[in-house]
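Protein chains in written order, with our numbering: chain A, -11 to 474; chain B, 449 to 926.
The set of hints was computed from the structure by calculation and includes no laboratory data.
Ideal Cβ positions, reconstructed from N, Cα and C, are used throughout, including at glycine.
Distance ranges between label pairs, derived from CB positions: (1) B:Q738 <-> A:V324: 54 to 60 Å; (2) B:L698 <-> A:V324: 24 to 30 Å; (3) A:K49 <-> B:V580: 45 to 51 Å; (4) B:N664 <-> A:L363: 29 to 35 Å; (5) A:E(-2) <-> B:V580: 55 to 61 Å; (6) A:E(-2) <-> B:P481: 51 to 57 Å; (7) A:D321 <-> B:R740: 54 to 60 Å; (8) B:A741 <-> A:D325: 52 to 58 Å; (9) B:R740 <-> A:Q230: 30 to 36 Å; (10) A:K331 <-> B:S667: 36 to 42 Å; (11) B:Q738 <-> A:E(-2): 52 to 58 Å; (12) B:P481 <-> A:V324: 22 to 28 Å.
Which residues of chain B face chain A? A few of them, derived with a C-beta cut under 10 Å, are: (13) L490; (14) G491; (15) P493; (16) G494; (17) Y531; (18) Y538; (19) I590; (20) Y718; (21) L726.
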Amino acid sequence: MDIHTKTLAEQAELLKQKKVSSVELCQHYLDRIERLDSKFNSLITVDAERALAAAKLSDEKLAKGEGEALEGLPLIHKDIFCTDGVLTTCGSRMLDNFIAPYDATVVQRLQNQGMVMLAKANMDEFAMGSSNENSYFGNVVNPWKAGTVPGGSSGGSAAAVAARLAPVATGTDTGGSIRQPAAFCGLSGIKPTYGRVSRYGMIAFASSLDQAGPFATTAKDCAMMLQGMAGFDERDSTSSDQAVPSYTDGLDQSLEGLKIGVPAEYFADGLDASVAQAVEQAIEEFKKAGASIKPISLPNQGLCIPAYYVVAPAEASSNLSRFDGVRFGHRCDNPVDLEDLYKRSRAEGFGDEVKRRILIGAYTLSAGFYDAYYLKALQVRRLISDDFQKAFNDVDVILGPTTPTPAFAMGDKTDDPVAMYLNDLYTVSANLSGLPAMSIPCGFADGLPVGLQLVTNHFEEARLLQVAHQYQQITDWHTRAPEGLD
Amino acid sequence: MAWETVIGLEIHAQLSTKTKIFSGASTAFGAEPNTQACAVDLGLPGVLPVVNAEVVRLAVRFALATNSSITERSQFARKNYFYPDLPKGYQISQMALPIVGPGEMTIFDGEDRQKTIRITRAHLEEDAGKSVHDLFSDQTGIDLNRAGTPLLEIVSEPDLNSAVEAVAYAKKMHALVRYIDICDGNMQEGSFRCDANVSIREKGSDVLGTRSEIKNLNSFRFLERAIDFEVERQIDVLEGGGEVVQETRLYDADRDETRSMRSKEEAFDYRYFPDPDLPPLLVEQSFIEQVRANMPELPTVRTQRFVTDYELSEADAVTLTSERPTADYFEATLAAQHITPRLAATWVMGEVFSRLNNDGLSLEQSPVNAEALAGLLIRIQDNTISGKIAKSVLDTMWESGEPADKIIAAKGLQQITDTGAIEAMIDEVIANNPEQLAEYRAGKDKLISYFIGAVMKASKGKANPGELNKLLKPKLDG
Chain A
-11 MDIHTKTLAE
-1 QAELLKQKKV
9 SSVELCQHYL
19 DRIERLDSKF
29 NSLITVDAER
39 ALAAAKLSDE
49 KLAKGEGEAL
59 EGLPLIHKDI
69 FCTDGVLTTC
79 GSRMLDNFIA
89 PYDATVVQRL
99 QNQGMVMLAK
109 ANMDEFAMGS
119 SNENSYFGNV
129 VNPWKAGTVP
139 GGSSGGSAAA
149 VAARLAPVAT
159 GTDTGGSIRQ
169 PAAFCGLSGI
179 KPTYGRVSRY
189 GMIAFASSLD
199 QAGPFATTAK
209 DCAMMLQGMA
219 GFDERDSTSS
229 DQAVPSYTDG
239 LDQSLEGLKI
249 GVPAEYFADG
259 LDASVAQAVE
269 QAIEEFKKAG
279 ASIKPISLPN
289 QGLCIPAYYV
299 VAPAEASSNL
309 SRFDGVRFGH
319 RCDNPVDLED
329 LYKRSRAEGF
339 GDEVKRRILI
349 GAYTLSAGFY
359 DAYYLKALQV
369 RRLISDDFQK
379 AFNDVDVILG
389 PTTPTPAFAM
399 GDKTDDPVAM
409 YLNDLYTVSA
419 NLSGLPAMSI
429 PCGFADGLPV
439 GLQLVTNHFE
449 EARLLQVAHQ
459 YQQITDWHTR
469 APEGLD
Chain B
449 MAWETVIGLE
459 IHAQLSTKTK
469 IFSGASTAFG
479 AEPNTQACAV
489 DLGLPGVLPV
499 VNAEVVRLAV
509 RFALATNSSI
519 TERSQFARKN
529 YFYPDLPKGY
539 QISQMALPIV
549 GPGEMTIFDG
559 EDRQKTIRIT
569 RAHLEEDAGK
579 SVHDLFSDQT
589 GIDLNRAGTP
599 LLEIVSEPDL
609 NSAVEAVAYA
619 KKMHALVRYI
629 DICDGNMQEG
639 SFRCDANVSI
649 REKGSDVLGT
659 RSEIKNLNSF
669 RFLERAIDFE
679 VERQIDVLEG
689 GGEVVQETRL
699 YDADRDETRS
709 MRSKEEAFDY
719 RYFPDPDLPP
729 LLVEQSFIEQ
739 VRANMPELPT
749 VRTQRFVTDY
759 ELSEADAVTL
769 TSERPTADYF
779 EATLAAQHIT
789 PRLAATWVMG
799 EVFSRLNNDG
809 LSLEQSPVNA
819 EALAGLLIRI
829 QDNTISGKIA
839 KSVLDTMWES
849 GEPADKIIAA
859 KGLQQITDTG
869 AIEAMIDEVI
879 ANNPEQLAEY
889 RAGKDKLISY
899 FIGAVMKASK
909 GKANPGELNK
919 LLKPKLDG
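Construct the complete structure from the given sequences, taking the supplied hints into account.
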């Protein structure tokens, strides 16, 4: 059976036409997981029994001609989303025993839409990392090339979809954690507008930046997934009550008259020539499709990484305080007193990168430094956001590379945190300004996928998905899959 | 050297909401440990706070009652510190932008002079849980039922100059929060507690001395004694040539002293920053107007109404309205029967209060409720019994809980108003006291009271005094 080569949309049709059952579909993927994932280590927990039971229920509904939009379709959740009764580790030793008594809103909604969870994906610990080398559960391998990172922090989700262990997966994006692994693994991935998808039950890294979104092979599949995920949630005060439009209705509209802005700053120092070449080729394709290209400037682009690495660790240092060994999660053996309990539980439970960011964050928030770092970073954040708003006066979409380089070799940057952070050069600005952004495949460099990033104004996910979908109608990069996975 | 005391108070008033400030868990007191803490209160991974709209309404009510400004866009902030009964490792509070801005409250100082105390701010925050140290040996228990209980922290300017003033302010605040129904004021359960910032300076100086902060004073008596102790301690330090250090102190009620808890150097750096899980809290004018429209009558307004409508003296009106339960009790007495306000006021402030005092009861715990009191007072008003008899009836009511009419009937205490019966008693008394009659008629007018007493005695106190007076004199005069 080669149903894993079909898109989510195609599988949905096959299920509706009863050419395949949900149980067959899920079993097919579970078999692939069992056969292939030892190479990639993309998953932390696989729950076949639960998945097949849910698939059976979906089949009963489908047999009666009932069922929701995504009925019976399998998916993998990043292990940052709490799942009622199933282990949720967040890639950390701290939570290697944590079973939440509730579902994240994203999990609940997709389940309500009929989706079947196969497994939970590996990730950088607490979503901190750009290579998935920071997981307590081990490195994830990029299915495109052994020894290569899949990107992070949603590296497991990306590797799993790239290896066709599921048609789609969820991820979260705080500074690029959906888009960068999507780029490294040749996938389509969207980070929605901040507030578009509920954060309830999604373990917080940096609350003002975190957003959940899907990975898929196509923009159309992303649209279907986002449709199931988006919307106001009364349990998340930062979720938006703006109505959710149809993300699929407008996909077929042409790009005629579309104004695309290309920031000069995205093609400056640090950009790999092979990536630049692929992106420039994509620009030509867009021109052919009727879009006009406009050079623009985002003058404060250079401040993105410093601002991000103040804001995100500051929020993280506070968000991660609840992991104290008192109520849940890792607790050290035989604590002699409270201080010892705190120190050893946290020293043992957290990995190096998490500790590094907690230290940075606690420092920037401390008395005497707050104004110079945190407050200043908030001001810079405003400037970055203003740059985008100015640009959107003239253009509909902003286009550039998702990452400066294609996927790099494992161990390449583990000793140099700053080099690692520079992976987020083009992605963090969308988080800092709350904008929706997407990465889609636009070529290859030395056999590794290259990602094209598209950014639109707030709540214009429909346009973002339409532009990506139209590009995928005239190119076939998104149809390529790693070889040797049958 | 003459010293001046300077005190500012921080009062934590627990807002009386059914559910917590950021979750739907119940706030009821006294439940089994950890049965009223949901995932949000436990700080489980991934959960998020959502502001309970009721706390905003109560905070606005407080602002309106104290002429305080209301912040249109206030902001929640995280106060970061580790403690086992603080589940998230931070407390959600308000820092730079509190919901309630500057306001004021007028108190009476020790010499009955009015004094206005400035309120700096009042902000919303969540309470922590409770550490239980004495239940298990070698282990501390954590009860998170209280975690997430809504608090309004009311901060005053350092405008208080004695323990007496501090207590007057705290009591007035205590009465106010109950008046406007935002806090039950139960100090034993910790619903209302104070921190006192105390410093001293040379009289006449306009520079503030170094202060110490005394934490968690949960009775007015402790507040007064802690401040008195602390002032004496600071004077001793300064007069002994030492320096007061800025520190947090605890009051030990058993030893009646304050003890150092942590110094300024040991003070936590709370690393406050705006809580990214909660957008700015918007309070719109229309919402404020809605709260205003449903505001309970404020004490000062009620005082004036008592003076105007019930023709009470200013002093009596102040006494009756200083606590909402008293004013409610008084008005309920009037509402139950057509009692004249003057009579009801005298009895509430006199007989009822003194009995409550003797028994150490609050008005809410009174064995005689407003309806029962009205049942007694109406019998004074319609001359069934005299005021003197009524006092003994009230005693019986207090003990037995029976209504006044039942006691009056059972004991045969109805006043004798029948003029024939009274005349007969007068005639008998006069007949039995010929010598006194002769003296009276010789000009010893004062003896009339002797005859009144004798007739009253003969009637067992039941003769209607008005009737008796009216009938006696003509008979004595012959």
